[in-house]
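K.L.:
One-letter residues, chain by chain:
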Amino acid sequence: MTDTIRDVADIETPHPVEPERHRRPAWRAGLTLALKIVLALVFGLPLVFMIVSSFKPDAQIFHDLDGIQAFLPVGDLSVDNYVGVFDRVPFAQFLFNSILISVLTVGLGLIMNSLAAFALSRMRIPGGRIALGVILATLIVPFEVMALPLLWEVNQLPYFDGTQIVQGWLDTYTVQIVPFIANAFSIFLFYQYFDSIPKELDEAARVDGAGWFRIYRSIIMPLAGPAVATVAILTFLPAWNQYLWPLMVTQSEAVRPAMVGIDYFKQLNTSWGQIMAYASIITVPVLALFVAFQRSFVNSIASQGLKG
Amino acid sequence: MKKTTSRAIVAAAVFAATAALTLTGCAKGGGGGAGTSDGQLVMWTHNAGNKAELAAIQSIVSDFNASQKKYTVKVQAFPQDSYNQSVTAAAASKKLPCILDIDGPNVPNWAWAGYLAPLTGMDSTLAKFLPSTVGKYDGKTYSYGFYDVALAMMSRKSTLEAAGVRIPTIDQPWTKAEFQDALDKLKASGTFAYPADFSTGLTGEWWPYAYSPFLQSAGGDLIDRDGYKTADGVLNGPDAVEWAKWFRGLVANGDISAKSGADPVADFVNGKTGILYDGGWAAEQVRAQFKDDALFLPSVDLGKGPKIGGASWQWGVSKTCGDQAGALAYMKFAAADKYIAKVAKATGTIPTTEAAAAMVPGYQPGGDNAIFREFSKKFAEVRPVTPGYPFIATTFTKAAQDIINGADPKSTLDQAVKDIDANQKSNNYFQ
Amino acid sequence: MSTIVKPAPARSGAAPAPARRARTRLVGGRKEAAVGWVMLLPAAVLILTFLLVPIGLTFGLAFTNARLVSPEPARFVGMDNFVALFTDDTFWASLRNTIVFTVVIVPFQSGLALVLALLVNTRTRGTTFFRTVFFLPVVTSIVVVSMLWLFMYQKDGLINVLLSKVGIQGPDWLGDPHWALLAIILMSAWQAMGFHMIIWLAGLQTVPAELYEAAALDGATRWQQFAHVTWPGLRATRTFILITITIAAFGLFTQVQVMTQGGPLNSTTTLVFQAVRSGFQQQQTGYASAISLVFFVLVLVVTLIQRFLTRDKEARR
Chain A
15 MTDTIRDVAD IETPHPVEPE RHRRPAWRAG LTLALKIVLA LVFGLPLVFM IVSSFKPDAQ
75 IFHDLDGIQA FLPVGDLSVD NYVGVFDRVP FAQFLFNSIL ISVLTVGLGL IMNSLAAFAL
135 SRMRIPGGRI ALGVILATLI VPFEVMALPL LWEVNQLPYF DGTQIVQGWL DTYTVQIVPF
195 IANAFSIFLF YQYFDSIPKE LDEAARVDGA GWFRIYRSII MPLAGPAVAT VAILTFLPAW
255 NQYLWPLMVT QSEAVRPAMV GIDYFKQLNT SWGQIMAYAS IITVPVLALF VAFQRSFVNS
315 IASQGLKG
Chain B
3 MKKTTSRAIV AAAVFAATAA LTLTGCAKGG GGGAGTSDGQ LVMWTHNAGN KAELAAIQSI
63 VSDFNASQKK YTVKVQAFPQ DSYNQSVTAA AASKKLPCIL DIDGPNVPNW AWAGYLAPLT
123 GMDSTLAKFL PSTVGKYDGK TYSYGFYDVA LAMMSRKSTL EAAGVRIPTI DQPWTKAEFQ
183 DALDKLKASG TFAYPADFST GLTGEWWPYA YSPFLQSAGG DLIDRDGYKT ADGVLNGPDA
243 VEWAKWFRGL VANGDISAKS GADPVADFVN GKTGILYDGG WAAEQVRAQF KDDALFLPSV
303 DLGKGPKIGG ASWQWGVSKT CGDQAGALAY MKFAAADKYI AKVAKATGTI PTTEAAAAMV
363 PGYQPGGDNA IFREFSKKFA EVRPVTPGYP FIATTFTKAA QDIINGADPK STLDQAVKDI
423 DANQKSNNYF Q
Chain C
788 MSTIVKPAPA RSGAAPAPAR RARTRLVGGR KEAAVGWVML LPAAVLILTF LLVPIGLTFG
848 LAFTNARLVS PEPARFVGMD NFVALFTDDT FWASLRNTIV FTVVIVPFQS GLALVLALLV
908 NTRTRGTTFF RTVFFLPVVT SIVVVSMLWL FMYQKDGLIN VLLSKVGIQG PDWLGDPHWA
968 LLAIILMSAW QAMGFHMIIW LAGLQTVPAE LYEAAALDGA TRWQQFAHVT WPGLRATRTF
1028 ILITITIAAF GLFTQVQVMT QGGPLNSTTT LVFQAVRSGF QQQQTGYASA ISLVFFVLVL
1088 VVTLIQRFLT RDKEARR
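Protein chains in written order, with the numbering used here: chain A, 15 to 322; chain B, 3 to 433; chain C, 788 to 1104.
Nothing false has been slipped in among the hints.
BS3-like cross-link-like pairs, simulated, lysine-lysine; straight-line CA separation at most 25 Å:
| # | chain 1 | residue 1 | chain 2 | residue 2 |
| --- | --- | --- | --- | --- |
| 1 | B | 53 | A | 280 |
| 2 | C | 818 | A | 213 |
| 3 | B | 142 | B | 334 |
| 4 | C | 942 | B | 187 |
| 5 | B | 231 | B | 138 |
Okay, the calculated bits of chain B under chain C, using three or more residues with CB under 8 Å as the criterion:
| # | stretch |
| --- | --- |
| 6 | 85 to 94 |
| 7 | 104 to 117 |
| 8 | 252 to 265 |
| 9 | 401 to 411 |
Sample of chain B residues at the chain C side, in silico, Cβ under 8 Å:
| # | residue |
| --- | --- |
| 10 | 205 |
| 11 | 392 |
| 12 | 393 |
| 13 | 396 |
Source of the hints: derived by calculation from the structure; they are not laboratory data. Here the structure is a predicted model, which means the values were calculated and not measured. We put the CB at the ideal spot given by N, CA and C, even for glycine.
For reference, chain A alone in the conformation it holds in the complex:
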């Protein structure tokens, strides 16, 4: 292991190493690849179905369900469904709202939750264990169960709407973001991850005179690449998929997010082709985020800790 700082992407992902005496047999590699391909088919087919169907007219979607052609782009293909989507739904507004809400929730959450996890995991705080226990206990309660009391509560809170203080947070961006920034799942994940970072790193930094915040910023967080990526992805998803809460708290299309938009296509005559098109488009941002962040699944411990 060298001391020079290398590009993170070059770092070897730790994986089992072949002992020198055995070369991996070719059939072994082939079998693994075959397994991966079969799994890729199993996991990937619904997306293929969705995208392919988004180019087909409604009647054909159901007609094709009979066989393999459901997954193939055959028949009467066109972009009519996509045109219909933009026509029927204020799509740009919805997409913007969803992105804004999700990015803010995740971004602010990353900072707030990692700070909390850092404090809980590496510092001695009176009442810290209890706090952690209570935070974990909130993981148990599903959102639907506490949605109504939460609704009542946000209606009591004061809100500054640019000109005056009013009561109630209904129909704003705030109500869709703030209740979800602090997230027990993120805290727990960061906590477990930080636990596996050696405490000697902290002590070394303290000897150098670093304060706690400095340790957090310069030692722990750079090492937490995989955890940050995981938390970013796994909290973006629920924020993006929010459905029940926006239903209850948004009233105007100005702040309505994209998930509620699916219902626009489920009027008396459901247009399945347009639903497929819409669903395809709103999957793209999440996938892009995933692809961008999964590069961080590389070992940061290997590179850190050895700097001069």
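We have chain A already, so just place chains B and C on it with the hints.
P.N.:
Using the frame of chain A, we list chains B and C on its own:
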């Protein structure tokens, strides 16, 4: 390293600024007094995504706004699927709009809860409406609708003739035995995956709307409408058990699927089933595919005459509206025949007055769709007019689903009766 | 186990030699506690306000006869809701289904997710592609997923067609009370596996690469490396996944709502599904809160037992 740091700083600054702007009020939705926004009367409607219906409503609103200077109405559209939840949440937050539309069977529930204000001074106008489209509770009128929707059995002339099945008419609908005979013949022909499709894959309000009429046709009902105190004897009496056995029999025989596909109309149009039981909204699609071969037939007579569901979306005024006079003025303005015709035409539904029907192509006497209006006039039965309806609806849905999956009819219905009675009682019979 | 080498301290030369340098009093005492609470405060305030308060209100409502839509205010009714709950057949069916679902899916889904993570924990070409594809079910809209699976589960649907090719007569998956829960299990596992694959992947990154090299030098086979290097290194991740999968499994709701609505014949109803149904559709908020309270206590007990069984037996460093 420097470049990364400064880029990171810029990114962080932008992020912080966005957060600050967003979380304070620089993007707001509504505001203003109860149900109003900047002096305008806010109206909610369930048809976001349905361009034709929304456009029709909006044109009525613009006509109203243009016709006088005192009041302005503003439309906010919601998608239908989740509309009820949005309204319930708004009611819980005391942020209901001034004018809103409501699904017919929910009117008693919302009126009792104090969400709705009675519509005064409209009795003579509303007397001309199809009775199922006027929402009354406790002696007062709370809502009216522009249209109603009828359920029908749909099929093709060629199919029925090839199978040797009599084509029923409104005066001579299929009897229970005839219907079974028709299904047997269709099954024997081997052309279809299932002889009939009752759209059992749909969820939500569809189940009470579509299947309680069969219960009523057999002689039972969801609750004893004399006093609305108990369902005993009507939901679990011998007639009801007969209905349950018939319903389950259809599945056991292979005549219908217990859980249809996601889009039964598409399946019917694609030739997978021979008879489709669905609402008038499907007519356009069916006619587009089968043209003159399409048939729209009355429902089955299980003993007491065919029955279909009644009451669709209706309009009302909220009690917390800051400007009741304005809202009422709009309601009176909108109840004109030409507007009824406009909305019905846009939605492909039955106009509620005769005069409006004359203005809508297809619904004039003898027109293609006039038959639906006949069905509605003759067979429609509204769902029970009680604030306990939402509970009755979900209980019936579960019971019907259990029955269709093979549960014992009598004990399932007994349990449903027990639950419904308990709920009516615990609410003090909604006095 | 003896071949495990603990990662050496970062700089052996800097083993904390106390005293010599003037150390700011960071460790121990009030300053550490203060700074700690400052760091914890934002999250703590938000959690208190937006999680603990609503949860507390929910549990409080369990002792009232609150209604979703009603002109009358809620009245205190003591244990009435709980009595009604424990005499309700549907509740016991929900409880049974929830437990069965959890017991089956926790090992199944976490194990398979680990297999997936191991498969994509490489730097070979195409890894990004496979990682993304395995993650796809998690991001695809539930509306689309449910439509497709509803279709695949039909008596003559894709799954039975495939089964018949190997000579098995498949049942009517969603229509048969004996098979419906299994159908939901398979679909849920399929849908959420990518989620846990990510977490395993992150955990796999914390195993220092030099341990593998050291084990290889000692002549360990790949399986031995997994058992003695990877598996112990994943302890923290293992605990995390076990607890979160269990909690998520207990909270099964969406799949039931879109696929089976609790049927057929109560074979797929779950506690959360029943709570939502009674609260939102049947408008019995108080009763729904009672279900939620029972649910909370149940899951809390199970989670505590899990934490106890998986507690860190090694002394913390």
